[in-house]
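Undergrad: Sequence:
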Amino acid sequence: MTASQPSSVPLSVLDLVPVAVGSDAGEALAHSLDLVARVEAAGYQRFWFAEHHLNPGVIGSSPAVLIALAGGVTDRIRLGSGAVQLGHRTALSVAEEFGLLATAFPGRIDLGLGRSGGRPPGPAPADKLATESSTAAARTVDGLLIPPPFTGWAALAGSPRFGAQRGLLNPGGAEIVDYDEQVGTILELLAGKHTTAEGIDVAVPAATAPEVFVLGSSGGESAAVAGRRGVPFAANYHVAPSAVLEAVTAYRAQFRPSAELDRPHVIVSADVVVSDTDTRAEHLAAGYAQWVHSIRTGAGAIQYPSPAQAATWSPTAADRNLVADRLATRFVGSPATVVEQLSVLARVTGADELLITSITHDHEARARGHELLIETWTRR
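Numbering-wise, the sequence shown is residues 1 to 380 according to the numbering used here.
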């Protein structure tokens, strides 16, 4: 893995369109559109929308719709999905949606692909291509914390809410198509090189093809597909920090050059909260534990608590353990503090780009935090 100077590694943003306590969906959407306009002005490279369903506190359920709305308030920043969930979509529907977006906003659209909502990360290959494999204990690798792996994926995927989500997204037990096959079909459709089983050549018209990425949380299927297909890979340190090194190592080991990409290209995500001082940032970050707890218990993301509301939450030892890895790997502090932490993340993972996600109860504080971060990042 190669070290990079912070200023040479672009920063991008991942947004969930979060709803704060005391707010509503309309305000959440307005805040996200304000945020994309402000981060464009600040100099971020990309702005991606995540896809989540049936969460009271997160309304980013359709990245394509959000991208179209964001395109109307921006001029230059790349807009994309982080990620479209292919477990309940067809390759054609995704290719056509993003072909239309690429026609409306030429040269600005990213198509980030994920396997499916509610499924745990795929297992790493049996031979453990990663040189830094996950263990049962926390460890530090050249300054980067790698926590113990989260062991509650099976219970989370088996919760009633996830069962309801699967029933609505895959009605009648609709069969999930092989992920590698779906990614390959999307790439062929966008390149005008797909032939159906009946021998018909088909393509998706677009002014310019979107740039395709694969997102993943382990060294398993997603990393392997991205590598073999020769597309950029985004590793989710903010979702599954224990497996980030496995993920990027597996991707690089299996990478095959493609017409679009001659060498591996890695994006690594991080959860951050930035304010003018460490103390102020810690105050703004107070609701995170309770919010992550609601997700990991299968209840769905709650509306994001205010610092005052977070102070009234009394978690048990089991509650704290459930979210410990996410809390320990969130970067919270002044711009200088968070830039130092992100620099370590970029160096240890060899990231070509960093993708930050940030949630606070106060929208202005969140937007200002993004501005403070990139100001310091680019000066470093």
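Source of the hints: derived by calculation from the structure; they are not laboratory data.
Hints are supplied without guarantee of correctness; some may be wrong.
To be verified - Each pair of labels, with its calculated beta carbon distance range:
#: 1; residue 1: G172; residue 2: D278; range: 24 to 32 Å
#: 2; residue 1: G172; residue 2: G143; range: 45 to 53 Å
#: 3; residue 1: S93; residue 2: A155; range: 50 to 58 Å
#: 4; residue 1: E175; residue 2: R320; range: 38 to 46 Å
#: 5; residue 1: S8; residue 2: A317; range: 25 to 33 Å
#: 6; residue 1: R280; residue 2: D75; range: 30 to 38 Å
#: 7; residue 1: A318; residue 2: G43; range: 21 to 29 Å
#: 8; residue 1: T195; residue 2: A137; range: 44 to 52 Å
#: 9; residue 1: S8; residue 2: T151; range: 30 to 38 Å
#: 10; residue 1: S93; residue 2: A25; range: 35 to 43 Å
#: 11; residue 1: R320; residue 2: G199; range: 56 to 64 Å
Here a beta-carbon is modelled for each residue, glycine too, at the ideal position from N, C-alpha and C.
Undergrad: Next step is simple, just say for each hint if it's right about the structure.
TA: Do the hints match the structure? See the list:
Checked against the hint of 24 to 32 Å, the pair G172 and D278 fails, with Cβ atoms roughly 52 Å apart. Between G172 and G143 the beta carbons are some 50 Å apart, a value that agrees with the proposed interval 45 to 53 Å. Against the hinted window of 50 to 58 Å, the Cβ-Cβ separation of S93 and A155 comes to about 31 Å, which falls outside the hint. Hint check: E175 to R320, Cβ distance near 40 Å, so the stated range 38 to 46 Å holds.
Distance hint for S8 and A317: a CB-CB separation of about 43 Å, inconsistent with the stated range 25 to 33 Å. Distance hint check for R280 and D75: the Cβ-Cβ separation is about 32 Å, which falls inside the suggested range of 30 to 38 Å. Separation of A318 from G43 is about 43 Å and departs from the stated range, judged on CB atoms against 21 to 29 Å. Checking the proposed 44 to 52 Å range against T195 and A137 shows it holds: the Cβ atoms sit about 51 Å from each other.
Roughly 37 Å separates the CB atoms of S8 and T151, a value that falls within the hinted 30 to 38 Å. Between S93 and A25 the CB atoms are about 24 Å apart, so this pair departs from the stated range of 35 to 43 Å. Between R320 and G199 the beta carbon distance is about 59 Å. The supplied range of 56 to 64 Å therefore holds.
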